[in-house]
Structure formats: C-alpha cells, structure tokens
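J.: Sequence:
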Amino acid sequence: MPAFVVPARSGAHRVAAIALYRALLTQCSPAAFPLADGQRIVLRNIIRNKFRRNRHVHSTRLLKLSFTAGYELLDMLARASSSPATATCSDDAKESATQLVANLLASAPPHLTRSPTDPNAQPRRPKRLDPSPEACPPPSARTLAIRPLPATALGGTGVRRVPRLVSANTFPMLRLQKPQPRSLSRVLTDKIKQRQRRLDVRSEAADYWSVLAQDEDEWDRLLWEREGVSPADGDDMIIDEWPEAEGSWTDEPQRVVRIISAQLGVQRTRTEWTVKKMQNIVDREAELAKVEREARKVRREVARMGEKRMKDMEAILGTDSPDRQGGKPL
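Be aware that the sequence shown starts at 1, since it is given in the UniProt record's numbering, and climbs by one per residue.
What the hints contain is simulated information worked out from the structure, not anything from laboratory work. Being a predicted model, the structure only gives us computed values, none of them experimental. Among these hints, one or two may not hold up.
[Said to hold, decoys possible] Cut-off 25 Å, straight-line C-alpha distance, at most; resulting in silico cross-link-like pairs (DSS-like, lysine-lysine):
no., residue 1, residue 2
1, Lys191, Lys178
2, Lys290, Lys311
3, Lys276, Lys193
4, Lys276, Lys290
5, Lys311, Lys297
6, Lys178, Lys290
7, Lys297, Lys277
8, Lys193, Lys178
9, Lys297, Lys308
My request is simple: use the sequences and hints to build the entire structure.
T.: Spelled out as structure tokens, the structure:
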C-alpha cells in the first residue's frame, strides 16, 4: 500500500480487516470451539475491543503487528477447535492451543474483557458547552448596568480610563480596552449578519416578488374580464364582478416588506436608546475622571507641600538640634 493512502479509506485494507474480524468471531461460535458460555463471551469481547481500538491506526508497522497477531490467534483457535474427524494436528498441539487460549482469557486486562456496548452503562449525552461568564453575563453584571465604575473598583493604577463611543457598522459599542473581547465580536457579527439578511429579504420581496405578483394579478384580471373566471374559484365558476375583497398576489410580498420594515424600525429605536445610554455613561465617566484627576492633583500638592515643610524645618533647626530625635522632628 502506498504511504500516502490512508488505510481506513483503502478498499483492500477494509476487505482484509473485515474478513479477519468475521473469521475470528466465527471461530468463537459454540459449534467451532468448545468453551464455556462465559469464556466464549469474554473471547468475543476481546476481539471486538481490539478491532475497535485499532480502527484509527494508520501506522504500517502497527497494522502489520495487529494483522500478524490476529492471524496467529485465528490459527490457534482453528487448532484448538478441530474435530477428531477433520483433525489436522496432534492432540498435543490441540491441548497446547487450548491452554494458550485459556491463558489469554485469564491475563486479558479488564478494559478488553468487558462488552463494547455495556447495557448497564449510561447513554452518552452530547457535551454541553456552558458559556463563560464573560460571554453571557447576567443582566446585573453587564456593561450598561455597572458603568460608570466606582473608584474602588478601578484596580490597577486606579486611574479611570474613559470609554469611547464608537460605531461598528452603525451598531454602537463602548471601546473599553484592547484587545476587543471575542464575545463582543461575536455579538456584533451576529447583529450585522441578521440585519443584512433582513435587508436582502426585503429587497427581494420588493424588487423581485412584487413584480411577479403584479403580473399574476394582471393575468387574473384578464381572465376575469374575458372569461369571468374568479382567481379563487378556478375555471368552473363564472362571476359577474371582480372580487376585490379576496386579496391579490401582491399582498404577500407587501406583507413581508411591512414585517421586515417594522423589525428594522424596532431595531433602530433600540439602537437609538442604546446610543443615548452609552453617551450618558461616557459623559459621567468623563466627569468622574475629571474629579478624580483634580483630587490626585490636590493630593500631590499636599504631599509636595509637606515635603517642602520638612526640608524647611531641617534647614532652620539643623540636624544637631535638641528638638530632633532619631533624625526626625519631634
């Protein structure tokens, strides 16, 4: 087999593996090999589990070892199960093969002897990927609910960084820090794709389906004017007046346009409300940043004046003054 061919996708490999698998299971039948029911079940489980474990092996060396072991086991089972009428080996060879099979069953690890499909095992459920708290925070922990942050929650250097209100394809967002969180990118991408789908459907309904619907309405009107056929009743009913209340083909495209326009209007209203709330947060953050900046200036000035006072006192009193103790003023 060429090295670039995956064994699991090779027809020759699959035929050889399936043939060996079926031959081994056939030799484990009661008619072929006299074993107790428990031993026969264990032997079949060993064969099934080994083939199951090696089904994804692509190494030529490991596959060669597996096939060699499988054919040796098949020969061993054939020698141990040969009947006296068709015996092709001596009694000593048959006894030796039977002993080897017994040793194999006794020394097999537990993970090979149990059934591949345990009836008592719990059915495997698909793994649920719980969203992280950052991706789906509760309403009370979202950015619009907790901003502006108090000074005690700033952390780091304690300097407030005022967020910026930016537009991501007309969707507002607060630029807090870099890099942008993946959860925010996912939300913005979903919103942009949803709006684009709505615009595409509305455009198709207004520019394509409405034109076809108008042609269908015109065709129905021609049938009524010439043949007196109602568009709702078909060819077997003749009427004298055009059924204005029955609706027309253009009603459905127009309804789609109205629904999507209403959805876009609701989205636009929600966006305007979000912009106002975000702008309010930016303004309040800027005010707090200004107040905190002035407070830091005052603290620095007080600290500077304190240091200057200490230096002036040291210059006046001197380092040998009796009013000083341990190098510090009393």
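J.: Compare the structure with each hint and give your call.
T.: A quick look at each hint next to the structure:
{"no.": "1", "hint": "Lys191 <-> Lys178", "verdict": "21 Å, holds"}
{"no.": "2", "hint": "Lys290 <-> Lys311", "verdict": "32 Å, violated"}
{"no.": "3", "hint": "Lys276 <-> Lys193", "verdict": "24 Å, holds"}
{"no.": "4", "hint": "Lys276 <-> Lys290", "verdict": "21 Å, holds"}
{"no.": "5", "hint": "Lys311 <-> Lys297", "verdict": "21 Å, holds"}
{"no.": "6", "hint": "Lys178 <-> Lys290", "verdict": "23 Å, holds"}
{"no.": "7", "hint": "Lys297 <-> Lys277", "verdict": "30 Å, violated"}
{"no.": "8", "hint": "Lys193 <-> Lys178", "verdict": "24 Å, holds"}
{"no.": "9", "hint": "Lys297 <-> Lys308", "verdict": "16 Å, holds"}
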